[in-house]
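J.: Taken in order, these protein sequences are the chains called A and B.
When the letters of the first sequence are read in order and numbered with the working numbering, they come out as residues 1 to 282.
When the letters of the second sequence are read in order and numbered with the working numbering, they come out as residues 1 to 282.
Any given hint might turn out to be false.
In this list, chains with the same sequence are indistinguishable; a pair is considered to hold if it fits within one copy or across any two.
[Claimed, not checked] Mimicking DMTMM-like on lysine to aspartate or glutamate, the simulated pairs with C-alpha atoms at most 20 Å apart in a straight line are:
| # | residue 1 | residue 2 |
| --- | --- | --- |
| 1 | K131 | E177 |
| 2 | K154 | D216 |
| 3 | K203 | D272 |
| 4 | K228 | E177 |
| 5 | K50 | E231 |
| 6 | K253 | D96 |
| 7 | K131 | D179 |
| 8 | K208 | E276 |
| 9 | K178 | D96 |
| 10 | K178 | E95 |
| 11 | K72 | E177 |
| 12 | K50 | E61 |
If you're looking for bench data, these hints aren't it; they were derived computationally from the structure.
All values reported here derive from a predicted model rather than from experimental measurement.
2 protein chains.
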Amino acid sequence: MILVADSGSTKCDWILYNHKESNPLKIRTKGLNPAVLNKKNFLKIVASSKELESVKDRVQEIKFFGAGCGSKTNQQKVNEILTSYFTNAKCTTKEDTMAAVLATTKEPAVVCILGTGSNCCYFDGQNIHMKTPALGYLLMDEASGNYFGKELLKSYYYLTMPKELASLFNTEYSLNEKDVLKGLYQSKRPNKYLAGFAPFLFKYQEHKFINDLLLDGFRTFVNHHVLKHREALKHVPVHFVGSIAFYGQKQIKQVLAERGITGGVFIKNPLDHIVEHKINIH
Amino acid sequence: MILVADSGSTKCDWILYNHKESNPLKIRTKGLNPAVLNKKNFLKIVASSKELESVKDRVQEIKFFGAGCGSKTNQQKVNEILTSYFTNAKCTTKEDTMAAVLATTKEPAVVCILGTGSNCCYFDGQNIHMKTPALGYLLMDEASGNYFGKELLKSYYYLTMPKELASLFNTEYSLNEKDVLKGLYQSKRPNKYLAGFAPFLFKYQEHKFINDLLLDGFRTFVNHHVLKHREALKHVPVHFVGSIAFYGQKQIKQVLAERGITGGVFIKNPLDHIVEHKINIH
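If we strip away everything but chain A, and leave its shape as in the complex, we get:
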């Protein structure tokens, strides 16, 4: 029995799979970030899941991908906690971006993640290298869900969004000033609130205004992030992971083609992909 986990700071998705069975079990717990939680609280969250408890002696292997797992110290901390609970398992912990990388490739590549946030890294076949620090939704995150959410809202309030789209947008979302201010400044995760507007883009991506908005966002992302790996791209492909990348692949491919780059694979959810394709992530 193998357990694969993909943890952000707020939630952790676990997939329990057994080579003999076709349908793996999906489990969700609170986020497990070793940079934030002490050992006791980390363990408490793991132990709170009855589903995990019921298999704790049968798990032989754990692959844990998590936010805050970039350093050796934190990787070791997670390994120690998890093997103390899943006593018959060996555990490997890696930073969260590694799940995205391993879902797309085992070979060197540039890998971009475009989901609620965005980032771009170079994978040398073993380790991940960043050219630019990831400074989140207040500064960066170009072409992410939260970025496009901002662009949609701005175009709506600045009246640059065509009227027919503005009317649809206003029907599908609550856009009165009070609600938007609340979502932006009183919610715990404004980036998630903003990314909630992104589905509108893909529903109407055939509309010229939306298509242009997507192209502009992807151009900004490619120029600031992907092209920082210009040298590597002469020899390796560029892969994309995340729902924005998956649904926006038509526009991403166009932006890459404008710059003489060919897009590699586009994967919506790295963990699902790893499980579905039985990718060996040793």
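Could you slot chain B onto chain A? The hints should help.
T.: The following block gives chain B in isolation, referenced to the frame of chain A:
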């Protein structure tokens, strides 16, 4: 004795002035936002100031400009609380942007505030009208201190800032990833943190890169906000208030000239200006 207050949500600046004296007294208390505080807590903050207490019977008039004072109900709430404390005073309460407006004009005008945040309104001689809701630093605030702080940080990390400037920027500010992430996502007021980088702009505004960055920011602001009042601008001037407007007036005038508009007055601090020039704000 006249008391003029300008309150945000976090602090309230009071100026006590007496026509007979040349130097008015400046007092600072915690912010007094009637949309956030109940009567008891509002009064508690006022009463906590020994300086205000020492003059409470001698104040004849209070002008209160505050965040959260846009509605008649909240204006009345503030008037009631303040006249219950300053028993010999009459009190007038207005929204905070009115202090900026009254510092620049008594006549109809477009008035822009470029400080930590930014906004733009039309003053018809009595009331303030907004064309676009002010949705703060996560969505808008173009050409404000926090906007330029973001632009400086992005250009630094994206390596588009010229090396000699990047080296000065790195000497004058703490730019390691951890500190920036802390300032952005763990401080109570990320907009204030970001605006803290703005002084760098004005120290080096003669540098072409900074001059262009300022011009770009002001162009975005003028296009999205000032030009929304295109019709009014045929008949009324456009005034600017706030430290970004004051120190960036050379570039603002250039951007306005490109669009055939002449800038009006540029005032750094509205309250100081009102007091210094003994502007009658009845």
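J.: For each hint, tell me whether it holds in the structure or not.
T.: How the hints compare with the structure:
Proximity of K131 and E177 under a CA criterion of 20 Å is satisfied inter-copy only: 13 Å between copies versus 38 Å inside one chain copy. Taking CA atoms no more than 20 Å apart as the test, K154 paired with D216 passes in both settings, with 14 Å inside one copy and 17 Å between copies. For a Cα distance limit of 20 Å, the shortest separation of K203 from D272 qualifies neither inside one copy, at 23 Å, nor across copies, at 52 Å. Proximity of K228 and E177 under a CA criterion of 20 Å is satisfied inter-copy only: 18 Å between copies versus 38 Å inside one chain copy.
Within a single copy, K50 and E231 get their C-alpha atoms no closer than 49 Å, and across copies no closer than 66 Å, so neither meets the 20 Å cut-off. For the identical chains of this complex, K253 and D96 are neighbours neither inside a copy (25 Å) nor across copies (48 Å), given an alpha-carbon limit of 20 Å. Proximity of K131 and D179 under a CA criterion of 20 Å is satisfied inter-copy only: 18 Å between copies versus 37 Å inside one chain copy. Within a single copy, K208 and E276 get their C-alpha atoms no closer than 35 Å, and across copies no closer than 54 Å, so neither meets the 20 Å cut-off.
In the homo-oligomer, the alpha carbons of K178 and D96 lie at most 20 Å apart only across protomers (18 Å), although the nearest pairing inside one protomer, at 35 Å, exceeds that limit. Taking the closest pair of Cα atoms, K178 and E95 come within 20 Å of each other only across two copies (17 Å); inside a single copy the shortest separation is 38 Å, beyond that limit. In this homomeric assembly, K72 and E177 come within 20 Å of each other (Cα to Cα) only across copies, at 19 Å, whereas the closest approach inside a single copy is 46 Å. In the homo-oligomer, the alpha carbons of K50 and E61 lie at most 20 Å apart inside one protomer (19 Å), although the nearest pairing across protomers, at 67 Å, exceeds that limit.
In this structure, the earlier hints numbered 3, 5, 6 and 8 are contradicted, and the remaining ones agree with it.
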